[in-house]
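Line by line, the protein sequences give chains A and B.
Start counting the first sequence at 22; every next residue gets the next number (the working numbering).
Start counting the second sequence at 8; every next residue gets the next number (the working numbering).
Hint data in this document are derived by calculation from the structure and do not stem from the laboratory.
For clarity, every value in this text was computed on a predicted model and none was experimentally measured.
Even for Gly, the Cβ is constructed at its ideal location relative to N, Cα and C.
Heads up, a few of these hints could be off.
If you only want the chain B side, here are some residues facing chain A, beta carbon under 8 Å, derived [to be verified]:
#1 A177
#2 I178
#3 V182
#4 G190
#5 H192
#6 D193
#7 P278
Calculated pairs, DMTMM-like style, for lysine to aspartate or glutamate (alpha carbon to alpha carbon, straight line, at most 20 Å) [to be verified]:
#8 B/K150 <-> B/E27
#9 A/K232 <-> A/E37
#10 B/K181 <-> A/D108
#11 A/K206 <-> A/E218
#12 A/K206 <-> A/E141
#13 B/K181 <-> A/D86
#14 A/K232 <-> A/E119
#15 A/K134 <-> A/E119
#16 A/K232 <-> A/E26
#17 B/K181 <-> B/D193
#18 B/K181 <-> A/E119
#19 A/K131 <-> B/D193
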Amino acid sequence: MVRFEEVSLRYDAGPEILSRVSFALDPGSFHFVTGPSGAGKSSLLRLLFLGLQPSDGRFSLFGRDVAGLNRDERALVRRRIGVVFQDFRLLDHLTVVENVALPLRVTGQKGQKIHEHVTELLSWVGLAEQLNAHPPTLSGGQQQRVAIARAVIARPSLLLADEPTGNVDDRLAVRLLYLFEELNKLGTTVLIATHNESLVARFSHPVLRLKDGSMTLERAAYATSSSTAGTAA
Amino acid sequence: MVYLASLAVAAALLVHQVTERWEMSLADGLTIQVPPPSEEDAGAVYSARVDQLVRLLGEWPGVGQARHLGPAEVSALLEPWLGEAGVSQDLPVPALIAVELVPGAAFDLAALTAEMRGVAPGVLVDDHQKWLGDLLVLGQSIKIGALVVVLLIIASAVTAVVFLTRTGLAIHQKVISLLHVIGAHDSYIARQFQIHALRLGLAGGLFGLCLAAATILSAGAWLRSTENEVLPDLALSLGSWSVLLLLPPATALVAMVTARITVLRSLARMP
Ligand SMILES: Nc1ncnc2c1ncn2[C@@H]1O[C@H](COP(=O)(O)OP(=O)(O)O)[C@@H](O)[C@H]1O
Ligand SMILES: [Mg+2]
Numbered sequence: 022m023v024r025f026e027e028v029s030l031r032y033d034a035g036p037e038i039l040s041r042v043s044f045a046l047d048p049g050s051f052h053f054v055t056g057p058s059g060a061g062k063s064s065l066l067r068l069l070f071l072g073l074q075p076s077d078g079r080f081s082l083f084g085r086d087v088a089g090l091n092r093d094e095r096a097l098v099r100r101r102i103g104v105v106f107q108d109f110r111l112l113d114h115l116t117v118v119e120n121v122a123l124p125l126r127v128t129g130q131k132g133q134k135i136h137e138h139v140t141e142l143l144s145w146v147g148l149a150e151q152l153n154a155h156p157p158t159l160s161g162g163q164q165q166r167v168a169i170a171r172a173v174i175a176r177p178s179l180l181l182a183d184e185p186t187g188n189v190d191d192r193l194a195v196r197l198l199y200l201f202e203e204l205n206k207l208g209t210t211v212l213i214a215t216h217n218e219s220l221v222a223r224f225s226h227p228v229l230r231l232k233d234g235s236m237t238l239e240r241a242a243y244a245t246s247s248s249t250a251g252t253a254a
Numbered sequence: 008m009v010y011l012a013s014l015a016v017a018a019a020l021l022v023h024q025v026t027e028r029w030e031m032s033l034a035d036g037l038t039i040q041v042p043p044p045s046e047e048d049a050g051a052v053y054s055a056r057v058d059q060l061v062r063l064l065g066e067w068p069g070v071g072q073a074r075h076l077g078p079a080e081v082s083a084l085l086e087p088w089l090g091e092a093g094v095s096q097d098l099p100v101p102a103l104i105a106v107e108l109v110p111g112a113a114f115d116l117a118a119l120t121a122e123m124r125g126v127a128p129g130v131l132v133d134d135h136q137k138w139l140g141d142l143l144v145l146g147q148s149i150k151i152g153a154l155v156v157v158l159l160i161i162a163s164a165v166t167a168v169v170f171l172t173r174t175g176l177a178i179h180q181k182v183i184s185l186l187h188v189i190g191a192h193d194s195y196i197a198r199q200f201q202i203h204a205l206r207l208g209l210a211g212g213l214f215g216l217c218l219a220a221a222t223i224l225s226a227g228a229w230l231r232s233t234e235n236e237v238l239p240d241l242a243l244s245l246g247s248w249s250v251l252l253l254l255p256p257a258t259a260l261v262a263m264v265t266a267r268i269t270v271l272r273s274l275a276r277m278p
């Protein structure tokens, strides 16, 4: 599903954020990425959704070397990845339904079919009453669920979430993680970036820990499915 | 912007129309003055001489029509200077012959003048060229001035449209990058904004044009109501209106192309 081989990353002429990081995510696995603030968790996710290019090393997604993809192929790869951004990135001028429908719209689907599909998913995340609301009128927790719905509406193979529990209380945070586990059981590979160690401690999924540009794998033994990860170089 | 550009274009087109009309009505004509009879050869001799000139002119190659202006027409022409009282029969007034030339035909003015002097010594030929020339120079400079103004306004209108479109897109940077992240192709993203810009440009352009049309029409109506004779009718021809009608689509096109280029450029910065 995902394979990093000695990937390094630096922004422009800045210091190295990731140094020769190697790991792999098997299909259907569930991982956390943790580490202190500034450790490079968000940057790692950005590499994964092709929002950045590594300064060194190579990695593959869905069995294809990313460096060999042209622009249109990269767009197609992105469609198989759902991303929950830390700041949600909802479009304020669109309704909740329209926001969630966007990933389907860009693939050229349209009309009633999309609407039914989106409404169904929104009721599932408890937003049946907010279908035609605009994001700024929603609470933080509601916006978060809209962002999650948008990330999963196109049934992505890989789900990336950046601090998805950053804006909600502990109880809601745990419930959101249950939601990700549900999606994982349906076959989606999940990678969640969080600095919330106590939350990570309540689950048994394997942890990729980032520190000083290096990555270590923890709790590989707890892996619920056949997830594996190589330790950092 | 379209409003100002429309007004400027309208002004230029108007000047063009007017000078063209002057040219058409005056270029191909002559006025012949036959000096009034002196004491001895009054009456019959004089009018026979004028008739002879008219006949001579009518047969001259390149001349379309020659017409002796009757006393009534001459009075009408002189009225502004001599007043309502009109031209007294006693006042010696030269006979006037209006000559229309066949446009484009070869015409020998010098030979004609010599021939006419043979019939009636002292004949004066006014070929309109001198004051027409002055008028055309004036018209040309107004036209050039208007053209410069039009170009300036169009240039600033284009700049404004480009600038507004780009500012609008900067606001939509968030939308562009989100669509990019969820896997939209560049062409798809560009299309969304292109269509939007096209619509906005067209709507704004039509609005500006409507305002300009209202201004032009009411200015024309006002000029007509003042009943002045000096300024020609300010009504724009159908052709001029159709040029103005091209402005909104042109604006929309500029906005659309700007949107496309700007979106593709900002997408090129995203991996
Ligand atoms: N766009 C950027 N340009 C330059 N430096 C950046 C950029 N984004 C993040 N960084 C730097 O990279 C490091 C890692 O940031 P980030 O990936 O956001 O860490 P985390 O998500 O673990 O808090 C930080 O030192 C941050 O300052
Ligand atoms: Mg972060």
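*Looking back at the hints listed earlier, which ones does the structure fail to meet?*
1, 2, 11, 13 and 14
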